[in-house]
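Q: Residue-level listing of the chains:
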Amino acid sequence: MGDFGGGLGFLDPTAAFQTDLGVVGGLVDPMGVTTGSGMAGGAFGETGMALADPLDLFGNQAAALSSKTGNIARQSAADAITAQEEMRRIIQEQLAPYQQGAAAALPDLQAMATEGAVDLPTSPQYEFERDEGLRNVNRGLSAQGLVGSTAGGQRASRFLNALGQEESGRQYGYSLDPVKTGLGAVSSLGSTNALAGQNIGSMYNALGSNLNTSLYNYGQQRQSSLQGAGNALQGLGSYLEYTG
Amino acid sequence: MSWIPMVAGMGASALGSQQAAASTIEGAETQAGIEALNRQYQRKLFDEQVAAQQPYMEAGYAAQPYLEEYRTEGGRDLSQNALFQNQDRLGREGLAVSGHNLPATQNYFSRLQNATGQDPAYQRLLDLQRIGLGSAEQAGTYAQQQGNALAQSYGTAANALMRGEGSAAAQRGSMYRDVAGQVGSIPAYLDYTRRTR
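Here the protein sequences come in this chain order: Z and U. Be aware that the first sequence starts at 0, since it is given in numbering that gives the first Met the number 0, and climbs by one per residue. Be aware that the second sequence starts at 0, since it is given in numbering that gives the first Met the number 0, and climbs by one per residue.
Simulated from the structure, these hints should not be mistaken for laboratory data. Given the structure is predicted, the values throughout are model-derived calculations rather than measurements. C-beta atoms are modelled at their ideal positions from N, C-alpha and C, and glycine is treated no differently. A couple of the hints might just be wrong.
[As the list claims (entries may be wrong)] One side of the interface only, derived from the structure: several residues of chain Z facing chain U at Cβ under 8 Å:
| hint | residue |
| --- | --- |
| 1 | Met-111 |
| 2 | Thr-113 |
| 3 | Leu-119 |
| 4 | Gly-151 |
| 5 | Gly-163 |
| 6 | Gln-164 |
| 7 | Glu-166 |
| 8 | Ser-167 |
| 9 | Tyr-217 |
| 10 | Ala-228 |
| 11 | Asn-230 |
| 12 | Tyr-241 |
[To be verified] In silico SDA-like cross-links for lysine to any residue, where the CA-CA straight-line distance does not exceed 20 Å:
| hint | chain 1 | residue 1 | chain 2 | residue 2 |
| --- | --- | --- | --- | --- |
| 13 | Z | Lys-179 | Z | Pro-106 |
| 14 | Z | Lys-179 | Z | Leu-162 |
| 15 | U | Lys-43 | Z | Thr-191 |
| 16 | Z | Lys-179 | U | Met-161 |
| 17 | U | Lys-43 | U | Leu-149 |
| 18 | Z | Lys-179 | U | Ala-61 |
| 19 | Z | Lys-179 | Z | Gln-99 |
| 20 | U | Lys-43 | U | Ala-61 |
| 21 | Z | Lys-179 | U | Leu-125 |
| 22 | Z | Lys-179 | U | Arg-129 |
| 23 | U | Lys-43 | Z | Arg-87 |
| 24 | Z | Lys-179 | Z | Gly-168 |
| 25 | U | Lys-43 | Z | Glu-85 |
| 26 | U | Lys-43 | U | Thr-140 |
| 27 | Z | Lys-179 | U | Gln-128 |
[Unchecked claim] Covered stretches of chain Z, going by a simulated chain U footprint (3 or more residues, C-beta under 8 Å):
| hint | stretch |
| --- | --- |
| 28 | 125-139 |
| 29 | 153-161 |
| 30 | 169-181 |
| 31 | 198-207 |
| 32 | 218-226 |
Generate the whole structure from the sequences, applying the supplied hints.
A: What follows is the structure, given as structure tokens:
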């Protein structure tokens, strides 16, 4: 994480704005923007402000004001982004169990639809219906004298095939349902991420605009101070010229 | 020697305009840099979302070749399918337990299972395909939203830089005009003060 002005590293994950102007930074960067100090006086710090910006003698306090407003903007944005990210993390945690359930079931579901081996437990319902059903089938076959015949075997096969398909549907559903729930959770996560992205995007927009305005105002104030110095010098020159 | 402070004064005014222009540019570049951070964050969110959707999309892709078999062959070999294998095992156990274990019966059971198992197997492939497609649709919707956010960010950064350059140019222009005007007035002023002294 970088240190984009005032140590608010969250705002600058790639450290794009960290530079190393050192002592010189104080003179060329009274606001400490590019030196990363985020303070008036740049690398000189608050106590060296007078060295960094003698035009503060004209009362504008341009560097101090710009530094202050810049830090306010940065801190505000960092706090807002941190709060939004925390809320997003909470929602992610709440949805995580549904995603985990789906992640566990999806490989089995895929094997049951395509190819693969899955250890599938047999349900009590299947076992009960199989036992009772086969008893009824055999009772009927016995009454007709078809026990042990091919016809009897075919009747038992049809019964077991139908029951087996019911059981397969049940087993398939036990995996399909958590996968559908997980997909729904991912969709909810997408909605959360989209809204968080909009909110944090707005925070970045506001921060950029505020810092731009702060720097523009700083420049205007410096210009005003230097204009004052210029007027004073020109006045002196006129006086010297007039008095000879 | 009176010209020295007069020239210094002009220099101070010019320096003020130059510093204003430099701050304007710096402000614009700072805003553009903040928008770059914004775009990195939006991209991070998008990558996270796609990673969450990916397993479902891949499951959908896995169904495609088997569905294609139905279209080209009219059915498929179910012998490697997990449910078919389990169903086959349960059926044969039931036949054995109930005393219907003749080879003819076993053969009949296999053919019966394969014939009646095709449609349910096809429906399960469609389920898997719909899961994959649903996930892809969700990812697509999210991509549109993020694309909009990125486009706005690029636009904001470009606007800031363009306005900054324009303002700085205007400030520099003002500086040059100011200096030229002041320099141009010096001879007349000097002549006036000498005549009136």
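Q: Hints first: check each against the structure and report whether it holds.
A: Hints, verified against the model:
| no. | hint | result |
| --- | --- | --- |
| 1 | Met-111 | holds (5 Å) |
| 2 | Thr-113 | holds (5 Å) |
| 3 | Leu-119 | holds (5 Å) |
| 4 | Gly-151 | holds (6 Å) |
| 5 | Gly-163 | holds (4 Å) |
| 6 | Gln-164 | holds (6 Å) |
| 7 | Glu-166 | holds (7 Å) |
| 8 | Ser-167 | holds (4 Å) |
| 9 | Tyr-217 | holds (5 Å) |
| 10 | Ala-228 | holds (5 Å) |
| 11 | Asn-230 | holds (7 Å) |
| 12 | Tyr-241 | holds (6 Å) |
| 13 | Lys-179/Z to Pro-106/Z | holds (13 Å) |
| 14 | Lys-179/Z to Leu-162/Z | violated (25 Å) |
| 15 | Lys-43/U to Thr-191/Z | holds (14 Å) |
| 16 | Lys-179/Z to Met-161/U | violated (49 Å) |
| 17 | Lys-43/U to Leu-149/U | holds (12 Å) |
| 18 | Lys-179/Z to Ala-61/U | holds (17 Å) |
| 19 | Lys-179/Z to Gln-99/Z | holds (12 Å) |
| 20 | Lys-43/U to Ala-61/U | violated (27 Å) |
| 21 | Lys-179/Z to Leu-125/U | holds (14 Å) |
| 22 | Lys-179/Z to Arg-129/U | holds (10 Å) |
| 23 | Lys-43/U to Arg-87/Z | holds (13 Å) |
| 24 | Lys-179/Z to Gly-168/Z | holds (16 Å) |
| 25 | Lys-43/U to Glu-85/Z | holds (16 Å) |
| 26 | Lys-43/U to Thr-140/U | holds (16 Å) |
| 27 | Lys-179/Z to Gln-128/U | holds (12 Å) |
| 28 | 125-139 | holds (count 5) |
| 29 | 153-161 | holds (count 6) |
| 30 | 169-181 | holds (count 6) |
| 31 | 198-207 | holds (count 6) |
| 32 | 218-226 | holds (count 8) |
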